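Asker: Sequence:
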Amino acid sequence: MKELKPVHYHGYIYWILMILGIFVGNLFDKVDKGMILCILFIVGFEICGDAISQLIMWTTLGHAEKLMEVKAKRNFLFLFMAMITGFFPFPTFVEGLRRDIPVISMIEIPLFILLLLNQLRWVNYQVKQWQIKHNA
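The sequence shown runs -14 to 121 under this note's numbering.
Please keep in mind that the hints were generated in silico from the structure rather than gathered at the bench. Predicted model only: the values in this text are computed from it and were never measured. Glycine residues also receive a C-beta, built at the ideal position from the N, C-alpha and C atoms. There could be a bad hint or two in this list.
Taking lysine to aspartate or glutamate pairs in the DMTMM-like style, the calculated list, with each CA pair at most 25 Å apart, reads [unchecked claim]:
1) Lys113 with Glu50
2) Lys113 with Glu(-12)
3) Lys56 with Glu(-12)
4) Lys18 with Glu80
5) Lys118 with Glu54
6) Lys(-10) with Glu50
7) Lys(-10) with Glu54
8) Lys113 with Glu54
9) Lys15 with Glu80
10) Lys(-10) with Glu80
11) Lys118 with Glu50
12) Lys51 with Glu(-12)
13) Lys58 with Asp14
14) Lys58 with Glu(-12)
15) Lys118 with Glu(-12)
Quick list of the computed label-pair ranges, beta carbon to beta carbon [stated by the list, open to error]:
16) Leu12 with Ile94: 12 to 22 Å
17) His(-5) with Met20: 26 to 36 Å
18) Thr44 with Asp17: 33 to 43 Å
19) Val9 with Lys56: 32 to 42 Å
20) Leu25 with Ile(-2): 12 to 22 Å
21) Gly47 with Leu102: 39 to 49 Å
22) Ile41 with Gly71: 15 to 25 Å
23) Ile1 with Pro87: 39 to 49 Å
24) Val9 with Cys33: 21 to 31 Å
25) Phe73 with His48: 40 to 50 Å
26) Glu54 with Cys23: 36 to 46 Å
27) Phe26 with Lys113: 33 to 43 Å
28) Gly19 with Pro95: 24 to 34 Å
Make a model of the complete structure from these sequences and hints.
Answerer: This is the structure we're talking about:
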């Protein structure tokens, strides 16, 4: 039986860093409280999408009987995660680089990308682990 190198989910660390990044970036950008609330809403949207994708994957792996079912859910999650990151938060912060929140944007954009990559690695690891478990 093939042993997999464990992949741990570090999304929670990125969640904390994203929220802290808003307040640290605000020290340099000096935006008003209304703008900070909007930025917190965008980050909250990303965190909520991340939590939903984790729940979908955990429930799928527990009840899946066929590999095709697991892979279909994985592909759906890849699209879901890319949409959650690419649809709302990423373009907003890219535009923020040109406008009034450049420091916050420079902090948030890499964190969004790292969170997305971490999700992809974790989901692929879960699928491979499921395959090994059910093929043994």
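Asker: With reference to the structure, classify each hint as holding or not holding.
Answerer: Do the hints match the structure? See the list:
1. Simply put, Lys113 and Glu50 have alpha-carbon atoms about 14 Å apart, close enough for the 25 Å limit, and the pair holds.
2. About 10 Å separates the Cα atoms of Lys113 and Glu(-12), which keeps this hinted pair within 25 Å; it holds.
3. Proximity of Lys56 to Glu(-12) is assessed by CA-CA distance (about 20 Å); at most 25 Å being required, the pair is judged to hold.
4. Pair hint Lys18 plus Glu80 holds up; C-alpha atoms about 19 Å apart against a cutoff of 25 Å.
5. The hinted pair formed by Lys118 and Glu54 meets the criterion: a straight-line CA distance of about 15 Å does not exceed 25 Å.
6. Of the supplied pair hints, the one linking Lys(-10) and Glu50 holds, its CA atoms being roughly 24 Å apart against a limit of 25 Å.
7. The suggested pairing of Lys(-10) with Glu54 holds, with an alpha-carbon distance near 24 Å, which does not exceed 25 Å.
8. At roughly 13 Å between alpha-carbon atoms, Lys113 and Glu54 fall within 25 Å of each other, so this suggested pair holds.
9. Proposed proximity of Lys15 and Glu80 is supported: the alpha carbons are some 17 Å apart, at most 25 Å.
10. Proximity of Lys(-10) to Glu80 is assessed by CA-CA distance (about 39 Å); at most 25 Å being required, the pair is judged violated.
11. With a C-alpha separation of about 12 Å, the suggested pairing of Lys118 with Glu50 holds against the 25 Å cut-off.
12. For the hint linking Lys51 to Glu(-12), the alpha-carbon distance of about 21 Å falls within 25 Å, and the restraint holds.
13. Annotation: proposed proximity of Lys58 to Asp14 is violated, straight-line Cα distance about 41 Å (limit 25 Å).
14. Straight-line distance between C-alpha atoms of Lys58 and Glu(-12) comes to about 24 Å, which keeps the hinted pair within the 25 Å bound.
15. Restraint check: the Cα-Cα separation between Lys118 and Glu(-12) comes to about 11 Å, which is no more than 25 Å; the hinted pair holds.
16. The hinted range of 12 to 22 Å is satisfied by Leu12 and Ile94, whose Cβ atoms lie roughly 18 Å apart.
17. Between His(-5) and Met20, the C-beta spacing of about 28 Å keeps the proposed range 26 to 36 Å intact.
18. In this structure, Thr44 and Asp17 meet the distance hint of 33 to 43 Å, their C-beta atoms being roughly 41 Å apart.
19. Take Val9 and Lys56: their Cβ atoms lie about 40 Å apart, and the range 32 to 42 Å holds.
20. Checked against the given bound of 12 to 22 Å, the beta carbons of Leu25 and Ile(-2), roughly 18 Å apart, stay inside it.
21. At roughly 25 Å, the beta carbons of Gly47 and Leu102 sit outside the given window of 39 to 49 Å.
22. Checked against the given bound of 15 to 25 Å, the beta carbons of Ile41 and Gly71, roughly 18 Å apart, stay inside it.
23. Taken as a hint, the range 39 to 49 Å is violated for the pair Ile1 and Pro87, whose Cβ atoms sit roughly 22 Å apart.
24. Taking 21 to 31 Å as the suggested C-beta distance range, the pair Val9 and Cys33 conforms, at roughly 22 Å.
25. One distance hint, 40 to 50 Å for the beta-carbon pair Phe73 and His48, is violated here, with the actual separation near 30 Å.
26. Separated by about 39 Å at the C-beta atoms, Glu54 and Cys23 satisfy the suggested range of 36 to 46 Å.
27. One distance hint, 33 to 43 Å for the beta-carbon pair Phe26 and Lys113, holds here, with the actual separation near 35 Å.
28. At about 25 Å, the beta-carbon gap between Gly19 and Pro95 stays in the expected band of 24 to 34 Å.
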